[in-house]
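Taken in order, these protein sequences are the chains called A and B. For the record, in the first sequence the residue sitting at position 170 is 170 according to the working numbering, with numbers rising by one throughout. For the record, in the second sequence the residue sitting at position 212 is 212 according to the working numbering, with numbers rising by one throughout.
Among these hints, one or two may not hold up.
Claimed, not checked - A few chain B positions that, by computed beta-carbon distances, are all more than 12 Å from chain A:
hint	residue
1	T47
2	F88
3	R114
4	G162
5	D292
6	L294
7	L300
8	T384
9	P390
10	A395
11	W401
12	L442
13	W465
14	Y485
15	V541
Said to hold, decoys possible - Listed below are several chain A residues computed to face chain B (Cβ distance under 10 Å; list not exhaustive):
hint	residue
16	A81
17	D94
18	L97
19	E105
20	R114
21	A179
22	R183
23	V185
24	S257
25	K260
As the list claims (entries may be wrong) - Here chain B is said to cover these stretches of chain A; the calculated rule only asks that three of the stretch's residues, wherever they fall, bring their Cβ under 8 Å from a Cβ of chain B:
hint	region
26	98 to 104
27	192 to 200
28	239 to 245
Please keep in mind that the hints were generated in silico from the structure rather than gathered at the bench. Heads up, the beta-carbon is just placed ideally off N, CA and C, and yes, glycines get one too.
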Amino acid sequence: MPEPAELRAGDTAIEVSGLNKSFGATKALDQLDLNVRTGEVHGFLGPNGAGKSTTIRVLLGLLRADSGRATVLGGHPWHDAVALHRRLAYVPGDVNLWPTLTGGEAIDLFARLRGGFDRRRRNELCERFDLDPTKKGRTYSKGNRQKVAIVAALASDVELLILDEPTAGLDPLMETIFAECIREVKGAGRTVLLSSHILAQVEALGDRVSIIRQGHIVESGTLSELRHLTRTSVEAETHRSADGVRDLPGVHNVAVSNGKVHFDVDTEHLDTAVGHLHGLGIRSLVSQPPTLEQLFMRHYGEELAEATNGRGR
Amino acid sequence: MPRAAPKMSTRRDDLAGTATLIRFMLRRDRVRIPVWLAALTLGTVATAQSFGDLYPDAAARQAAAQSMNSPAGLAMTGPSHYLQDYNFGSMLSHQMLGFLGVLVGLMSVLLLVRHSRAEEETGRAELVRASIVGRHAHMTAALSVVAGTNILLAVLLTLGLGGLGVEGITWSGSLLYGAAHAMMGLVFAGVAAVTVQITEHSRGAAGLGLAAIGVAYVLRASGDVGNEAISWLSPIGWAQRTYAYVDNRWWPLLLGLALAAVLVVAGFELSTRRDVGSGLRQSRPGKAAASDVLAHPIGLALRLHRGLLIGFGVAMLLLGASYGSIIGDAEEMLGSVDVLNEALAEIGGASIAESFASMVMVVMVIVASIYVVMAALRPRSEETAGRAEPVLATALSRGRWLGGHLVVVLGGAVVMALLLGLGFGLSGASSMGDTGFLWNILGAALAYVPALWFVAGVAVALFGWLPRGAALAWALPVYGFVVGYLGQILQFPGWMNNLSPFGHVPQLPADELTWTPLVVLTLLAAALIVLGLAGFRRRSVEMT
Ligand SMILES: Nc1ncnc2c1ncn2[C@@H]1O[C@H](COP(=O)(O)OP(=O)(O)OP(=O)(O)O)[C@@H](O)[C@H]1O
Ligand SMILES: [Mg+2]
Chain A
1 MPEPAELRAG DTAIEVSGLN KSFGATKALD QLDLNVRTGE VHGFLGPNGA GKSTTIRVLL
61 GLLRADSGRA TVLGGHPWHD AVALHRRLAY VPGDVNLWPT LTGGEAIDLF ARLRGGFDRR
121 RRNELCERFD LDPTKKGRTY SKGNRQKVAI VAALASDVEL LILDEPTAGL DPLMETIFAE
181 CIREVKGAGR TVLLSSHILA QVEALGDRVS IIRQGHIVES GTLSELRHLT RTSVEAETHR
241 SADGVRDLPG VHNVAVSNGK VHFDVDTEHL DTAVGHLHGL GIRSLVSQPP TLEQLFMRHY
301 GEELAEATNG RGR
Chain B
1 MPRAAPKMST RRDDLAGTAT LIRFMLRRDR VRIPVWLAAL TLGTVATAQS FGDLYPDAAA
61 RQAAAQSMNS PAGLAMTGPS HYLQDYNFGS MLSHQMLGFL GVLVGLMSVL LLVRHSRAEE
121 ETGRAELVRA SIVGRHAHMT AALSVVAGTN ILLAVLLTLG LGGLGVEGIT WSGSLLYGAA
181 HAMMGLVFAG VAAVTVQITE HSRGAAGLGL AAIGVAYVLR ASGDVGNEAI SWLSPIGWAQ
241 RTYAYVDNRW WPLLLGLALA AVLVVAGFEL STRRDVGSGL RQSRPGKAAA SDVLAHPIGL
301 ALRLHRGLLI GFGVAMLLLG ASYGSIIGDA EEMLGSVDVL NEALAEIGGA SIAESFASMV
361 MVVMVIVASI YVVMAALRPR SEETAGRAEP VLATALSRGR WLGGHLVVVL GGAVVMALLL
421 GLGFGLSGAS SMGDTGFLWN ILGAALAYVP ALWFVAGVAV ALFGWLPRGA ALAWALPVYG
481 FVVGYLGQIL QFPGWMNNLS PFGHVPQLPA DELTWTPLVV LTLLAAALIV LGLAGFRRRS
541 VEMT
């Protein structure tokens, strides 16, 4: 690759712009932009069928995009596939193993085909994930199949991990261990693209998040930037009627009943809203801190997301 | 264990949901079953109709009977009793029943495996069985569908043949002829009902079923040439011994029905001794780490192809050996033929043993081509099963991944030809006491390797450019089989033979060795493989 690409690779691990991919009549990716910085854990969130796996397959050079640009570690995902694959590891969303190969053989196979491979680390990971590597692929449960792919990816000495819903099927204990491992990976300065449905997981691990819906990124930013987009939920009792709250900027879903008021307010307008309540004489005040859950649900929820899409374009 | 639990379920509960499942299976097979039925019925009716042109008078029929009365002729058709009165009816029964027995068996085995073991393998059966469906419902429904298909085939054959109005093809004979097909179909459905219990994989279950068909066929072939008692061990032999259109004996069918019943009961009994999704054999733990070889693309491919290679290799060796042993019987038969006949046969420069070898070699090679297609489509099944994706996401390039599989496929083709030549040559040489025969046969088998490579090339080209239509590669063995087998009996026109890659191979040892077709086939195979690789490099990896 020419030098400018190498230079850019310094701070950006994955850069995607205007990516399109259709399967017949289905538009799986629609002008998708994505930016993952080197050394960060980037959460990739979205509802079922949003296009997460499709994006990842394009990034791995398994699928050909219809149009748009994608750069992975400074290289072209399709043309430089083999060279790039030496530097990254992938955990598919649905792990399919060979019925006649043992889990241990599958782990070694993936790790060796990738190049770098640390046997001590591999054994240690098998123990941490409580995985029996002598079982045949066919006899593993779903969670254990998933572990095989995770161990193979984590045992490889690579710069970038691309994980497609890696914890689907893992029990809570294993999820915790997985989270530990991801923190170690991040501590070692490696980059992680983590696709998930589970917001809490991304909140706990991610530095930045992109939310995809119908093949398009609808929100992207650091967690605090996104929190800024969320709403605080306020419940208050006031001396005088709080009907006037309805007219304040950034206030939604107001409900007033016998002296109590309940509303959601955009985080940036919280100050104004609370100031207004203050003028009415506050008897009690409960406010829920902003959670990404709300933002997330807003993009999951059909009509709300529709409105967001309209605003975004 | 379900046995130890208090018996709360009644027999009715065991079968709950059968009717729904039958309807569901028929819907899934609304194309497949009619295609099978149409192909088998129309093929038979067309053959019966063509007899009038092929053998216009009694003299022509007598000549045909004479030419069939050779070891090769009888091995590929049926018992010689038919030849005593060689009218159109007995001709049909003699020439087609054995061949169609194989096809009907194939239909039954494939349909049954598809609706039982294959469903379990994908986990769909678990979903179905967890709803209101009795534990025997699945198997009962699958067997009903297959049995119904076979009975319908019998009815269609009876109507189609009886209605032809061809002299010698009587209604009563046609009824028995159709029923004999249904009997063979039911027996092999029973065989499959047992094999699906034994192995965990549908591929293995189908493979065992096909092996049973092969054994049944070879038993009848060797019995019809030599000791007739051997033919009585084979359901295909029973069907042929109804002597439909000649003696119209019904009782051999009872043997088949009894065997089918025993097999079905055994299948149900075995099914209660295992869990849904598993086989009778429990899988054992294996190695905790991979050997160095596995990480090489050829090593990986070899490991994935291992079962198929070994299974098919043994089958080819046995198939060759059993045809080879027939040659000994053939020699005995020669002893009873007068000197003049022997001299006549040798005028073409080939002995009877050699022309026998050339004739059956084509058929055996086409069986080997089934291996080639199965192996060459392996990359496609790896892809659709989602196992190619994680491997191709490593530093293994697409070319090397597919190349690994190809080395095994092309090498496997050579191995199959060698094993079949070895089996045939060794047992033939020992039964005739002529060691030179082995070398002739090995050469004859190896001459087919370029044609097998060509088949692999077609499969790879389809995989690269038309992955969803990759199964079209099956057209080659199917066409090759129809032309190479039936064509020899029914004397198809030359251009039909030329459309098959196997038709271009010199038929050693009877023919002279000519290199041109072998070189051309090899070059074409190479071109197709290069084409396929290029196609695969530029397309998406897909799971559907
Ligand atoms: N090979 C394919 N052929 C046709 N359509 C496809 C194919 N692969 C994906 N799609 C479609 O593209 C869209 C995006 O699918 P994708 O698998 O990327 O979603 P996802 O975000 O990974 O969903 P999930 O969270 O359920 O895994 C869906 O509408 C899906 O049906
Ligand atoms: Mg997905």
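Going down the list of hints, with the structure as the test:
no.: 1; hint: T47; in the structure: 42 Å, holds
no.: 2; hint: F88; in the structure: 51 Å, holds
no.: 3; hint: R114; in the structure: 18 Å, holds
no.: 4; hint: G162; in the structure: 48 Å, holds
no.: 5; hint: D292; in the structure: 8 Å, violated
no.: 6; hint: L294; in the structure: 6 Å, violated
no.: 7; hint: L300; in the structure: 7 Å, violated
no.: 8; hint: T384; in the structure: 10 Å, violated
no.: 9; hint: P390; in the structure: 5 Å, violated
no.: 10; hint: A395; in the structure: 4 Å, violated
no.: 11; hint: W401; in the structure: 9 Å, violated
no.: 12; hint: L442; in the structure: 32 Å, holds
no.: 13; hint: W465; in the structure: 14 Å, holds
no.: 14; hint: Y485; in the structure: 34 Å, holds
no.: 15; hint: V541; in the structure: 4 Å, violated
no.: 16; hint: A81; in the structure: 7 Å, holds
no.: 17; hint: D94; in the structure: 6 Å, holds
no.: 18; hint: L97; in the structure: 7 Å, holds
no.: 19; hint: E105; in the structure: 4 Å, holds
no.: 20; hint: R114; in the structure: 5 Å, holds
no.: 21; hint: A179; in the structure: 22 Å, violated
no.: 22; hint: R183; in the structure: 24 Å, violated
no.: 23; hint: V185; in the structure: 18 Å, violated
no.: 24; hint: S257; in the structure: 47 Å, violated
no.: 25; hint: K260; in the structure: 48 Å, violated
no.: 26; hint: 98 to 104; in the structure: holds (count 6)
no.: 27; hint: 192 to 200; in the structure: violated (count 0)
no.: 28; hint: 239 to 245; in the structure: violated (count 0)
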